[in-house]
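Q: Using the sequences plus the hints, can you model the full thing?
Number of protein chains: 2
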Amino acid sequence: MDIEQTKIPQATAKRLPLYYRFLNNLHTQGKLRVSSKELSEAVKVDSATIRRDFSYFGALGKKGYGYNVEYLLSFFRKTLDQDETTRVALIGVGNLGTAFLNYNFMKNNNTKIEIAFDANEERVGTEVGGVDVEHIDHLEEKLGGISVAILTVPSSAAQGIADRLVKAGISGILNFTPARISVPSDVRVHHIDLAIELQALVYFLKHYPLDEENIEEEE
Amino acid sequence: MDIEQTKIPQATAKRLPLYYRFLNNLHTQGKLRVSSKELSEAVKVDSATIRRDFSYFGALGKKGYGYNVEYLLSFFRKTLDQDETTRVALIGVGNLGTAFLNYNFMKNNNTKIEIAFDANEERVGTEVGGVDVEHIDHLEEKLGGISVAILTVPSSAAQGIADRLVKAGISGILNFTPARISVPSDVRVHHIDLAIELQALVYFLKHYPLDEENIEEEE
DNA sequence: CGATAGTCGTTAAAGATTTCACATACTTGG
DNA sequence: CCAAGTATGTGAAATCTTTAACGACTATCG
Ligand SMILES: NC(=O)c1ccc[n+]([C@@H]2O[C@H](COP(=O)([O-])OP(=O)(O)OC[C@H]3O[C@@H](n4cnc5c(N)ncnc54)[C@H](O)[C@@H]3O)[C@@H](O)[C@H]2O)c1
Ligand SMILES: NC(=O)c1ccc[n+]([C@@H]2O[C@H](COP(=O)([O-])OP(=O)(O)OC[C@H]3O[C@@H](n4cnc5c(N)ncnc54)[C@H](O)[C@@H]3O)[C@@H](O)[C@H]2O)c1
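Quick note, the sequences are listed as chains A and B, same order. When you line the first sequence up against the numbering used here, it's residues 1 to 219, in that order. When you line the second sequence up against the numbering used here, it's residues 1001 to 1219, in that order.
If you're looking for bench data, these hints aren't it; they were derived computationally from the structure. Among these hints, one or two may not hold up.
Said to hold, decoys possible - Distance condition first, Cα-Cα at most 30 Å in a straight line; then the derived BS3-like pairs of lysine-lysine:
(1) LYS1112(B) to LYS206(A)
(2) LYS1044(B) to LYS7(A)
(3) LYS44(A) to LYS7(A)
(4) LYS44(A) to LYS1112(B)
(5) LYS78(A) to LYS44(A)
(6) LYS1206(B) to LYS7(A)
(7) LYS1078(B) to LYS1107(B)
(8) LYS1044(B) to LYS14(A)
(9) LYS37(A) to LYS7(A)
(10) LYS37(A) to LYS1167(B)
(11) LYS206(A) to LYS44(A)
(12) LYS14(A) to LYS1206(B)
(13) LYS1007(B) to LYS206(A)
(14) LYS1037(B) to LYS167(A)
(15) LYS1107(B) to LYS206(A)
(16) LYS44(A) to LYS1014(B)
(17) LYS31(A) to LYS62(A)
(18) LYS167(A) to LYS1044(B)
(19) LYS1206(B) to LYS44(A)
(20) LYS78(A) to LYS1206(B)
(21) LYS62(A) to LYS44(A)
(22) LYS1044(B) to LYS206(A)
(23) LYS167(A) to LYS1206(B)
(24) LYS112(A) to LYS1206(B)
(25) LYS14(A) to LYS1007(B)
(26) LYS206(A) to LYS1142(B)
(27) LYS1044(B) to LYS1014(B)
(28) LYS1167(B) to LYS44(A)
(29) LYS1078(B) to LYS206(A)
(30) LYS14(A) to LYS112(A)
(31) LYS14(A) to LYS1014(B)
A: Below is the structure:
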C-alpha cells in the first residue's frame, strides 16, 4: 500500500509493537501526553532512540510538550495495521502449541490463531482455546489463504511441514523448533529458539558481568 | 574465571549456543570435519560471520581443511560451560510455564529447571515434568542459591516477583511477561515477548517484501 | 612432488544502530 | 505577553555488526 516508508530501520520496526503496547497502557490509564523520557523509562529504551524511531514517521510530537498519546496511538494503529486482523495457523498442538492456543493474542493485538493442525489422532477434532484442531493431512485444503504460521512441531518434522506450508502459499513462519528451516527467498522465517535464549542468558551472566558500565536494565 | 575474552561482541555471544547445537548434530552424525561454508548452510549465518565469530577465540580451524568437529565441540563445551549444569527456577506454572516444565532443556543443554513456584493452591504440591511446584510464599527459603529464573506469571505480578527474586539473590531473569521489569543494574533481564514477535513478523511481511534483495532464509 | 582446489584468519570497507548534544520551538506561570 | 522551563527532531559522532576480498597455508590427486 504505502511504498514511501521503506527506509525504516529494522531495529526500529521491531520496537514498534512494543511502543504500541505501552501507548495503549498509557491511554487506558487516561494519560493525555507523554515525553520520550517517560516512555523510555517504561519500555527501557533510550529516549534518544525513541525520538529517532518516531522521527522516521515524521514529526509526531511537539517541542516543549511531548507526544499526544491519543494521536500517537492512532498513528501507530494505522502503521501497524491494527485495524485488520491477521489470521494465523498453528502447526503442532503439543506443549508449546497448546500454551499459545490458550493465550489470547487478540488482546492489544491484531493477530488471531484461526486454525490448528496436528498429526496425533487424539488431538484432531478437539478444540483448544477455542480453536479447532485439524489433521495435518488436510493442511493444504483447510489453510484457506492464511499467510502466517506458527510452527511448534518436533524439530524432525519442521522442514517437511515448512515445505508444505510454502507450497500452500504461506508468506511468514514463526519457527519455535530448533531446526533452521530452508524456504524460498520470498518467504520470511523468524526463529524463536527458547533453549538458545536460556543458554545465552547463562553465558552472558558468566562472561559479561553487569555493573556501572554495561547497563541494560536498571532501577 | 577467564577474564581475557571480554571483548567478544554480543552478537557473536548470542550465536554460540546455536553453533554448539549444530556441532553436536554433526558430531552425532559422525562427521569429522566441517567448513564454515557447510556450517553456514546449516545455521543460516553467513560463512564470513562464522569465521569471524570463531576467530575471536583464536585459530580454531586449519586453512584448506576447515574445522575439526570434535575439537571445536569440546572447545565450545568449555567456553559455554556445558560441563556444569546451571540450575534454574520457574515462576508461574500456567500455560507457558507448564510447557517449559514438560520440555527437557537438558538435551544438548546445561540448564535444568530444578524448582517451580506458583500462587495457585491447586498447583502447589504437584509435580510437572518431574519438577516440584512450591508455593510462591516460600520463594525465598526454597530458592537455595539458584541464580537464574524463568518468569511466566501474569504481567501484573511480574514486577513484584522480580523484586523478590532480586532480594533473594537472583542474577538473571528470562522474562516472558509483556511487562518491562525494573531491576538493579547488576541483574540481567532478557525479555522474550511472544506477542511482539508475532506482531513484528506480520509488520515485516507487509512492509519489507522479501525477494532478490533482502534475502534472509533461502533454499 | 607439483599443481590445483579448498578454506581459514584477517584487513579493510560498508552498513546499521545507538547515542550525544543542541538549536529550535512550544508551554506555562506569573 | 514575557521569561523560564521543557522536550522535540536531527546533524554528527560513536559504536557495533556484517560482508567482501584475499594472502597464506593445507590437503589431495595425478
Ligand atoms: N516446550 C518447550 O518448552 C520448548 C522449548 C524449546 C523448544 N521447543 C521446541 O518446540 C517444538 C514443540 O515443542 P513441544 O514441547 O510443544 O513438543 P510436543 O512434542 O509437545 O508437541 C509437538 C506436537 O506436534 C505434533 N506433531 C508431530 N509431528 C507432526 C507433524 N508431522 N505434523 C503436525 N503435527 C505434528 C505432535 O503430535 C505434538 O502434538 C519442538 O520442536 C521443541 O524442540 C519447545
Ligand atoms: N501463553 C502464551 O502463549 C503467552 C504468549 C505471550 C505472552 N505470555 C505471557 O506469559 C505469561 C504467562 O502466560 P500464561 O499463558 O502461562 O498465563 P497463565 O495465566 O496460564 O499462567 C500464569 C501462572 O502464574 C500463576 N501466578 C499468578 N500470580 C502469581 C504469583 N504472584 N506468584 C506466582 N505465581 C503466580 C498462576 O497461578 C498461573 O499458574 C503472561 O505474562 C503472559 O502475558 C504468554
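Q: Measure nothing beyond the straight line between the CA atoms of LYS1167(B) and LYS44(A); if it is 30 Å or shorter, mark the hint as holding.
A: This hinted pair holds, its Cα atoms lying about 21 Å apart.
Q: Taken at face value, is the distance from the CA of LYS7(A) to the CA of LYS44(A) at most 30 Å?
A: Holds: LYS44(A) and LYS7(A) sit about 24 Å apart, inside 30 Å.
Q: With the threshold set at 30 Å, check whether the alpha-carbon distance from LYS37(A) to LYS1167(B) stays at or below it.
A: Judged against 30 Å, a Cα distance of about 28 Å means the pair holds.
Q: Please work out if LYS1206(B) and LYS7(A) have their alpha carbons no farther apart than 30 Å.
A: holds (14 Å)
Q: Within 30 Å, alpha carbon to alpha carbon, are LYS31(A) and LYS62(A)?
A: holds (16 Å)
Q: Does LYS62(A) pair with LYS44(A) here, judged by a C-alpha cut-off of 30 Å?
A: Holds, at about 22 Å.
Q: Between LYS1044(B) and LYS206(A), is the straight-line Cα distance small enough, at 30 Å or below?
A: holds (27 Å)
Q: Taken at face value, is the distance from the CA of LYS1206(B) to the CA of LYS112(A) at most 30 Å?
A: holds (16 Å)
Q: Holds or violated: LYS14(A) and LYS1206(B), Cα atoms, limit 30 Å.
A: Holds. LYS14(A) to LYS1206(B) sits at ~13 Å (cutoff 30 Å).
Q: Keeping to a limit of 30 Å between CA atoms, is the pair of LYS78(A) and LYS1206(B) held or broken?
A: Holds - the C-alpha atoms of LYS1206(B) and LYS78(A) are around 13 Å apart, at most 30 Å.
Q: Next pair to validate is LYS1078(B) with LYS206(A); report whether the Cα-Cα distance is within 30 Å.
A: At roughly 12 Å apart (the allowed maximum being 30 Å), LYS206(A) and LYS1078(B) satisfy the hint.
Q: Check the hint pairing LYS1078(B) with LYS1107(B) against an upper bound of 30 Å on the C-alpha distance.
A: holds (17 Å)
The structure agrees with every numbered hint stated previously.
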